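Participant: One letter stands for each residue in the lines below.
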Amino acid sequence: MDFGPHLFVASLEGAITAAVLALTAVGLSIVFGIMRVVNVAHGEFFMLGAVIAWWITSLIAGHPALGFTVALIAAPIIVGALAVICNRFVLHKINYEPERTIVATIGLLYVIQQTTLMTFGPEARPVEAPFNKRIALPWFEFGESGFALTWPWGLSTTTYKLAVIAAAVVILLVLWTVMTRTKIGLIMRATQLDQEMAQAYGIAVNKVYALVFGLGAALAALGAVLVVPIQQAHYLMGDDPLLLSFIVVIIGGLGSVPGTVLAAVLIGMSDGIISVFFTPTLAKILATLLVAFVLIFKPDGLFGKRRE
Amino acid sequence: MSIISTHGLSKHYSGLRAVNNVDFDLPDGQVRALIGPNGAGKTTFVGMLSGRIKSSAGSVSFLNTDVTDMPAHKRMSMGMAYTFQITSVFANLSVHENVALAARRAIKGAPSVVNNKVMSVLEQVYLADRTDQIAGDLSYGHQRLLEIGMGLAQSPRLFILDEPTQGLSASEVDGFIELVRVLSKDTTILLIEHNMDVVMRTAHYITVLNFGEILAEGTPAEIRSDTDVQTAYLGTT
Amino acid sequence: MNQAARSVVLHGLVIALLVAMFFVLPEYHSGNLARILVLAVFAMGYNVLFGYTGLLSLGHALFFASGMYGLGLSIQFLSASPMLAIVIGLITAVVVSGVIGFLALRTTGVAFMIVTLMFAQAGFLTVLFFGKYTRGDEGFVIQRAQRILFGVDLSQPLPRYFAALILFAICLCLIAWMVHSRFGKTLVAIRENEERARMLGYDIQRHKLMAVIISGTMSGAAGAAYALLFGYAGASFAAVQYSILPLLYVLLGGAGTTIGPLIGTVFMFYLIDISSEYTDAYLLIAGLALILLTLFAPHGIAGILRKKLAWLP
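Residue numbers (the working numbering), protein chains in the order written: chain A, 1 to 308; chain B, 1 to 237; chain C, 1 to 313.
These are calculated hints, taken from the structure and not from any lab test.
Small disclaimer: the values here were computed from a predicted structure and weren't measured.
Some hints could be false.
Claimed, not checked - BS3-like mimics (lysine-lysine), calculated; alpha carbons at most 25 Å apart, straight line: (1) Lys185/C to Lys108/B; (2) Lys74/B to Lys185/C; (3) Lys207/A to Lys183/A; (4) Lys54/B to Lys108/B; (5) Lys298/A to Lys207/A; (6) Lys298/A to Lys108/B; (7) Lys74/B to Lys54/B.
To be verified - Computed footprint of chain C on chain A, listed as stretches where at least three residues anywhere in the stretch have a Cβ under 8 Å from a Cβ of chain C: (8) 93-102; (9) 115-122; (10) 216-223; (11) 279-287.
In this text, a Cβ means the ideal position worked out from N, Cα and C, and glycines have one as well.
Hey, can you work out the whole structure from these sequences and the hints?
Facilitator: What follows is the structure, encoded as structure tokens:
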């Protein structure tokens with residue numbers, strides 16, 4: 001394949017990474033933004049989403065779309081509920097004290113990951129996509145006969161991949177509407193601005209925290225369900241999304257949802273494109289160093305507003 | 001000779017002028033009170049003297065050295081001591097260790113030398129019988145005394161006290177006034193104070209700050225009779 | 001007895017007990033104990049920063065690996081003598097912790113944790129990236145012939161145990177001494193109330209940087225010792241798990257105590273060792289321990305002991 005079409009495919013793959021990453025990272029971002037909690041176990045909620053999706057689809061016979069639809073709804077709810085339990089019995093008990101919270105969520109990471117290893121096992125397991133029609137993509141070139149469309153071999157995508165991108169956009173728009181236009185969104189934003197004030201105005205901060213932590217985990221699980229037909233479920237699959245979400249949330253400005261989405265697109269796309277040029281290891285080295293240096297020299301993120 | 005002086009010192013917070021163009025001079029050996037209504041910029045001003053707050057413009061000179069760009073800890077080791085407006089002690093450490101931490105930085109001698117200094121300071125601030133108590137368990141008044149003790153242990157040339165009598169009982173205030181009189185023999189004192197009784201009984205000279213600028217300066221008697229000060233401040237209390 | 005004398009007696013007893021252990025314990029356990037002693041040095045190094053200075057790093061695997069690869073690679077590719085390799089390992093740890101400290105200390109709190117985590121992750125990936133030399137996850141073996149220090153074969157159980165014990169004893173004494181020094185007391189002051197310490201005239205940044213370097217170098221010494229005594233260096237020692245383990249040891253044993261790190265390492269090592277006989281998911285224990293400790297015993301075992309016995313250092 002020529003360079004141009006190659007890059008085109010890479011950007012398309014990058015867009016899928018970006019879409020899933022945006023969902024996962026926004027989950028991490030609202031948890032940090034509203035609760036000031038750095039959730040190191042976030043990647044495990046992602047992994048659980050994929051594993052539960054595999055479990056549900058393997059239980060339901062018939063057309064793959066049936067099982068998948070159930071999984072798409074049920075997996076985020078189950079994961080969200082689990083997160084609410086973790087919040088109630090761990091984070092709430094230590095008063096969301098920042099350092100202890102990080103240590104406790106590291107503990108949760110190991111507990112969730114290792115429990116999955118004990119039950120689900122070390123194998124990677126596939127989930128069948130509900131629909132998966134290959135579509136060839138056109139490419140243009142200027143040949144002897146002038147401008148022409150061609151269909152290079154290997155330049156293709158699937159309907160499912162395109163659907164993932166569309167679904168992520170829709171979910172993020174719904175989330176955005178909820179956050180900005182509804183009463184529950186208003187309550188969440190009020191809690192973010194000033195927890196004590198919110199309490200004084202009769203907002204049940206504990207309930208908001210439970211809701212936010214559950215929602216954050218559910219978003220990660222949703223991203224995982226969407227991606228699992230492309231990626232397979234595995235008990236260690238939460239590591240990369242965790243790292244990437246951290247990168248995205250930090251670069252986008254801690255707790256800023258629009259910044260996070262913007263950074264997710266940037267990182268996801270460049271992850272796809274960079275891996276064409278660099279080895280994935282080198283790309284990850286650069287990414288981790290980028291996070292460290294952004295935190296050191298530009299702690300409000302590249303897109304964050306300067307706080308006085 | 002002046003211990004500390006400022007020239008055109010200012011602090012602006014995104015449009016708000018907390019301190020504006022202050023020229024201030026504190027001669028050696030004086031007890032100076034800095035007064036003014038809430039929000040007059042007193043804490044911001046001494047914050048810039050001590051280096052806790054970075055100034056927006058102007059300069060600070062301490063012991064004839066320009067310290068404008070010097071970090072706080074260096075100013076302290078040059079001979080400044082500072083007590084916080086909100087009591088700030090090492091709550092989990094003993095009274096003795098609190099003062100020893102202050103003394104150790106200033107005295108480079110053996111542990112026994114440090115220990116002697118600590119004990120003499122604790123005598124001065126009436127805490128000699130509480131050396132092994134955990135600082136966080138002390139009463140509020142004793143914690144304030146401990147803070148002053150931590151300042152004393154550094155044998156400072158300039159001692160900045162930010163509202164030291166806030167929250168003290170009447171008898172503790174009397175003890176404090178006595179302490180300032182003793183201290184003023186060896187050290188220059190800058191006192192931010194709301195209690196006018198304390199100010200009138202201790203200060204040699206008073207600076208009145210209002211809206212971030214110097215409204216008046218003079219002896220206690222002069223300030224008492226200054227009509228501007230009365231309308232801005234004294235009249236309202 | 002005054003404080004200093006009590007400290008000498010207590011730490012002397014601990015070391016004497018460890019000497020006796022080698023002759024009392026069956027070989028399997030004394031072999032484990034050699035490993036535990038090296039890991040306890042790692043934990044003590046971690047404790048300098050976390051327990052005494054109050055800085056929570058999530059990147060100490062980087063310092064451990066600096067010592068390990070500084071030593072291992074110089075033996076492997078420069079045919080360095082063990083002594084020279086130890087020096088190179090330590091210098092690597094000093095330099096790496098100095099640079100990381102200089103950069104990471106511009107941040108505080110949660111940002112400091114994330115920055116150290118990211119640097120360590122970058123270090124781990126760098127080990128993988130240069131897999132041609134480091135052999136990545138698989139790692140490389142340091143031959144027995146290259147592990148003879150002053151004519152002593154460190155691959156044998158007895159010399160290996162006592163080499164580990166000597167390193168441990170040196171570090172324990174250093175820390176016991178540090179705790180009573182001006183420097184150590186200043187670190188505690190920073191942990192307790194940083195702003196107050198600054199306004200007493202202490203140079204906070206310099207003290208913190210020193211603490212990172214001491215902590216990192218001690219961790220590096222543990223890494224170098226691990227490679228030399230057990231003859232192996234691999235990327236897993238640079239992975240995030242090895243940043244979490246010292247935190248776990250110290251939390252379990254008791255942060256800011258001299259013998260807490262050893263207690264924590266012994267308990268955790270055997271917890272993981274025993275549970276790994278039953279399941280592959282032995283890290284489950286580590287996770288549960290982290291959660292239970294933060295919930296119920298934030299001061300660890302030595303912290304609980306100290307509450308009952310106020311004289312413990």
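Participant: Of the numbered hints stated previously, which ones are contradicted by the structure, given in increasing order?
Facilitator: Failing hints, ascending: 4, 5, 6 and 10.
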